[in-house]
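Trainee: Please put together the full structure from these sequences, using the hints given.
Protein chains: 2
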Amino acid sequence: MQNFYYNIPTKVYFGKGQIENLGAAMKAVSESVLLVYGGGSIKKNGLYDKVIDQLAKNGIRYCELSGVEPNPRIESVREGVRICRENELKAVLAVGGGSTIDCAKIIASGCCYDGDPWDQVVDNSKITEALPVAAVLTLAATGSEMDGFAVISDLSKNEKWGSGNELTKPVFSIMDPEYTFTVPARQTAAGTADIMSHTFENYFTSEKGAYLQARFCEGVLKTCIRYAPEAMEKPDSYEARANLMWASSMAINGICSYGENTAWAVHPMEHELSAFYDITHGVGLAILTPYWMEYVLNDETMWRFVEYGKNVWGITDGTDEEIARAAIEKTKEFFASLGLPSKLSEIGIDDEHFDIMAEKAAAGGLEYGFIPLYKDDVINIFRNAL
Amino acid sequence: MQNFYYNIPTKVYFGKGQIENLGAAMKAVSESVLLVYGGGSIKKNGLYDKVIDQLAKNGIRYCELSGVEPNPRIESVREGVRICRENELKAVLAVGGGSTIDCAKIIASGCCYDGDPWDQVVDNSKITEALPVAAVLTLAATGSEMDGFAVISDLSKNEKWGSGNELTKPVFSIMDPEYTFTVPARQTAAGTADIMSHTFENYFTSEKGAYLQARFCEGVLKTCIRYAPEAMEKPDSYEARANLMWASSMAINGICSYGENTAWAVHPMEHELSAFYDITHGVGLAILTPYWMEYVLNDETMWRFVEYGKNVWGITDGTDEEIARAAIEKTKEFFASLGLPSKLSEIGIDDEHFDIMAEKAAAGGLEYGFIPLYKDDVINIFRNAL
Numbered sequence: 000m001q002n003f004y005y006n007i008p009t010k011v012y013f014g015k016g017q018i019e020n021l022g023a024a025m026k027a028v029s030e031s032v033l034l035v036y037g038g039g040s041i042k043k044n045g046l047y048d049k050v051i052d053q054l055a056k057n058g059i060r061y062c063e064l065s066g067v068e069p070n071p072r073i074e075s076v077r078e079g080v081r082i083c084r085e086n087e088l089k090a091v092l093a094v095g096g097g098s099t100i101d102c103a104k105i106i107a108s109g110c111c112y113d114g115d116p117w118d119q120v121v122d123n124s125k126i127t128e129a130l131p132v133a134a135v136l137t138l139a140a141t142g143s144e145m146d147g148f149a150v151i152s153d154l155s156k157n158e159k160w161g162s163g164n165e166l167t168k169p170v171f172s173i174m175d176p177e178y179t180f181t182v183p184a185r186q187t188a189a190g191t192a193d194i195m196s197h198t199f200e201n202y203f204t205s206e207k208g209a210y211l212q213a214r215f216c217e218g219v220l221k222t223c224i225r226y227a228p229e230a231m232e233k234p235d236s237y238e239a240r241a242n243l244m245w246a247s248s249m250a251i252n253g254i255c256s257y258g259e260n261t262a263w264a265v266h267p268m269e270h271e272l273s274a275f276y277d278i279t280h281g282v283g284l285a286i287l288t289p290y291w292m293e294y295v296l297n298d299e300t301m302w303r304f305v306e307y308g309k310n311v312w313g314i315t316d317g318t319d320e321e322i323a324r325a326a327i328e329k330t331k332e333f334f335a336s337l338g339l340p341s342k343l344s345e346i347g348i349d350d351e352h353f354d355i356m357a358e359k360a361a362a363g364g365l366e367y368g369f370i371p372l373y374k375d376d377v378i379n380i381f382r383n384a385l
Numbered sequence: 000m001q002n003f004y005y006n007i008p009t010k011v012y013f014g015k016g017q018i019e020n021l022g023a024a025m026k027a028v029s030e031s032v033l034l035v036y037g038g039g040s041i042k043k044n045g046l047y048d049k050v051i052d053q054l055a056k057n058g059i060r061y062c063e064l065s066g067v068e069p070n071p072r073i074e075s076v077r078e079g080v081r082i083c084r085e086n087e088l089k090a091v092l093a094v095g096g097g098s099t100i101d102c103a104k105i106i107a108s109g110c111c112y113d114g115d116p117w118d119q120v121v122d123n124s125k126i127t128e129a130l131p132v133a134a135v136l137t138l139a140a141t142g143s144e145m146d147g148f149a150v151i152s153d154l155s156k157n158e159k160w161g162s163g164n165e166l167t168k169p170v171f172s173i174m175d176p177e178y179t180f181t182v183p184a185r186q187t188a189a190g191t192a193d194i195m196s197h198t199f200e201n202y203f204t205s206e207k208g209a210y211l212q213a214r215f216c217e218g219v220l221k222t223c224i225r226y227a228p229e230a231m232e233k234p235d236s237y238e239a240r241a242n243l244m245w246a247s248s249m250a251i252n253g254i255c256s257y258g259e260n261t262a263w264a265v266h267p268m269e270h271e272l273s274a275f276y277d278i279t280h281g282v283g284l285a286i287l288t289p290y291w292m293e294y295v296l297n298d299e300t301m302w303r304f305v306e307y308g309k310n311v312w313g314i315t316d317g318t319d320e321e322i323a324r325a326a327i328e329k330t331k332e333f334f335a336s337l338g339l340p341s342k343l344s345e346i347g348i349d350d351e352h353f354d355i356m357a358e359k360a361a362a363g364g365l366e367y368g369f370i371p372l373y374k375d376d377v378i379n380i381f382r383n384a385l
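Heads up: the sequence lines are chains F and D, in that order.
For the first sequence, counting from 1, position 265 maps to 264 in numbering that gives the first Met the number 0; every step adds exactly one.
For the second sequence, counting from 1, position 252 maps to 251 in numbering that gives the first Met the number 0; every step adds exactly one.
Treat the hints as calculated values from the structure; they're not laboratory data.
Among these hints, one or two may not hold up.
[To be verified] Sample of chain D residues with no beta-carbon within 12 Å of chain F, all distances over it, derived: (1) 43; (2) 85; (3) 245.
[Said to hold, decoys possible] With the Cβ distance kept under 7 Å, some of the chain F side facing chain D (calculated, not the full set): (4) 2; (5) 3; (6) 12; (7) 13; (8) 14; (9) 117; (10) 205; (11) 208; (12) 210; (13) 211; (14) 214; (15) 215; (16) 241; (17) 242; (18) 309; (19) 312.
Idealized CB from N, CA, C, for every residue including glycine.
Mentor: What follows is the structure, given as structure tokens:
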């Protein structure tokens, strides 16, 4: 097990009706806040009114930034920073899914930085101070509600990078699974692929001694496999939504990765797909994951695939290689069963930009991963996924 | 899944050499501290010198309270409060295992309370303020390094109660598995029984919807089963000690219990044993656990025992009842394989105090447990364990 520094400061109000705690929790942090949200679905389902009511009842001054995009843009971040500065707002409250929360995080750090916030996206060491961030979560997927990461795009440059650090971890999050009852099936599927991919990134590590963490990863994976189909069939299954929501946080808040030496592989590759084609992140991950698994399976990595097959899928018969390959096949079948595409060609991606996308992905630290990957490897994985 | 409030504020410096962070981390909390430790083993192994060096280098003023007992006494707490007050110390640093940390917590709350700290032991609502507590851990067992609980005894009254709340959670803990290399085999075994018992208390719940948390519990249990024998055979196995140490924290910090409606059962029963006989806590737990399991196994609780058998012990053959009973038998055999006693009579306990012990244990909330238990049930379980 590697040395690590554990720090998960986010307080979580989890469950039905927890929005009632928003006002008091927010007030304890700041008396003024930028309210950040997306396309307006929170106005249709009544959540917006509840949030405003909580802020008003507690005398919290607020301004709004709405219309934050999926794959949030640097332009929205800049606009948020501008509003905060002009109105002297001292905290940022995101109401939405991972995109909204990610946007809020870099607004929060951007407010404490003299230059353009894009500098902080490409270099997280430039985040040395941030306004407090809080979140009301409406989608189980990215885990942004309980970690420090933020992924921001500049589509004018076809660039999408992850940033953030300890300072951008939310101070608190309200997580009511009922707010995800209205998430459509295809988004539930994509969110599940995202949760599973975060877990895979942590699980497929060369560190053999982080035994407990690996068992936690398997728990998250089993939870996704158990509940994603149920949440798609019965969107108002509280048990399914609650387990997926808590799994989304646990997949990425550190519980599954502290003590491992993980360097993510599939995420940097997928970020290039969505930077160039603006596809749904989880869809890209679902397509690439099985091909990445096939590509990195070898004698050295076999042990972990065998554990994966046995402990997650319950495969006990066969040689190690047979178990490993069956587990990869199960992964592919599972994503397909959720209605997710299995090939890049299905979502209109061809090999036109493979070269530049692979070059950029490889620059994202892929040589330090489970198996070191370089530009040509990424091109091969993209080709296999065509 | 039940509603819950997640709050684990403790920062953890985990791994080799992390003691180097003690001084700076302590200094950020307070410039004066009460150093609390036990029987002096930290002076033999050099840890004491390192701690003093860290405090000195960072200009932190300190006084000492040494000789804290296993099953720490209220007298030690009172003495700690007195020293803090006389010397105006503003934080408490425990260096040791759970007993030392528990003692430090009630010293910390006692310093902010006008009456006798025993009031706070029997009624945790009287803990409304506390000095910051920090810990350097030397034993994987109670998980006190990452939770708010403290168990304190008044042997003059044969009383032992658990207390503590959010305010007594350590602000940081230094967890270097190397400091547990010198823990003797029998204490390693008892500590493992404690970790497993905390996990069982969370795992055996009537809440069926906390699926992810149950998988995490299974991960902790598998970790104990995998590594306790190795740590006893090879005391300096870093991998074994590290996994047991992290498991000790995860078993009780909330990760395994948030969202469940757990009311502990075996701990209140064991507390009576050690209140009357001053036995090692983990030994009492190891004896009682399988008898408690047999006693609460019925048609309604079967499902969880079957999951336990399948997911932790890999038992797949047989009827549900056969799997459940085999899992309980495996539990008993495992504790025996660690050299732990299997009967109360083996450690000199007879039925003399069963009546009063059962009455007191039943008053500890046993009627709200996995299966409601009353005084007569506790007597039956004690008798079965004789």
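Trainee: Decide, hint by hint, whether the structure agrees.
Mentor: Here is how each hint holds up against the structure:
Interface exclusion of residue 43 of chain D from chain F stands, the closest Cβ pair being 25 Å apart, more than 12 Å. Every CB of chain F lies more than 12 Å from the CB of residue 85 of chain D, the least distance being 34 Å, so the non-interface label holds. At the 12 Å boundary, the C-beta of residue 245 of chain D falls inside the reach of chain F, the nearest C-beta of that chain being 5 Å off. For the restraint placing residue 2 of chain F at the interface with chain D, the shortest Cβ-Cβ distance is roughly 3 Å, inside the 7 Å limit, so the hint holds.
At a threshold of 7 Å, the smallest CB-CB gap from residue 3 of chain F to chain D is about 5 Å, leaving the interface hint in force. With its C-beta approaching chain D no nearer than about 6 Å, residue 12 of chain F sits inside the 7 Å limit, and its interface hint holds. The criterion of a C-beta within 7 Å of any C-beta in chain D is met by residue 13 of chain F, whose closest approach is roughly 5 Å, and the hint holds. Evaluation of the residue 14 of chain F hint against chain D yields a held restraint, the C-beta minimum of about 3 Å falling below 7 Å.
Taken as an interface hint, residue 117 of chain F does not check out: its beta carbon lies about 31 Å from the nearest beta carbon of chain D, beyond 7 Å. Among the interface hints, the one on residue 205 of chain F is violated; its C-beta lies about 14 Å from the nearest C-beta in chain D, farther than the 7 Å criterion. For residue 208 of chain F, the interface hint holds, the least distance from its beta-carbon to any beta-carbon of chain D being 4 Å, beneath 7 Å. Of the supplied interface hints, the one on residue 210 of chain F holds, with its beta-carbon coming within about 5 Å of a beta-carbon of chain D, less than 7 Å.
The restraint placing residue 211 of chain F at the interface with chain D holds, with a minimum CB-CB distance near 5 Å, inside the 7 Å limit. With 7 Å as the threshold, the beta carbon of residue 214 of chain F comes within range of chain D, its nearest partner Cβ sitting at about 3 Å, so the hint holds. For residue 215 of chain F, the shortest C-beta to C-beta distance to chain D is roughly 5 Å, which falls under 7 Å, so the interface hint holds. Nearest Cβ of chain D to the Cβ of residue 241 of chain F: about 4 Å, under the 7 Å cut. The hint holds.
Hint on residue 242 of chain F holds. Least Cβ distance to chain D is approximately 5 Å, under the 7 Å limit. Interface restraint check for residue 309 of chain F: the shortest CB-CB distance to chain D comes to about 9 Å, outside 7 Å, so the restraint is violated. A distance limit of 7 Å between C-beta atoms decides the matter here; for residue 312 of chain F the minimum to chain D is near 13 Å, and the interface restraint is violated.
The structure is inconsistent with the numbered hints 3, 9, 10, 18 and 19, although it conforms to all the rest.
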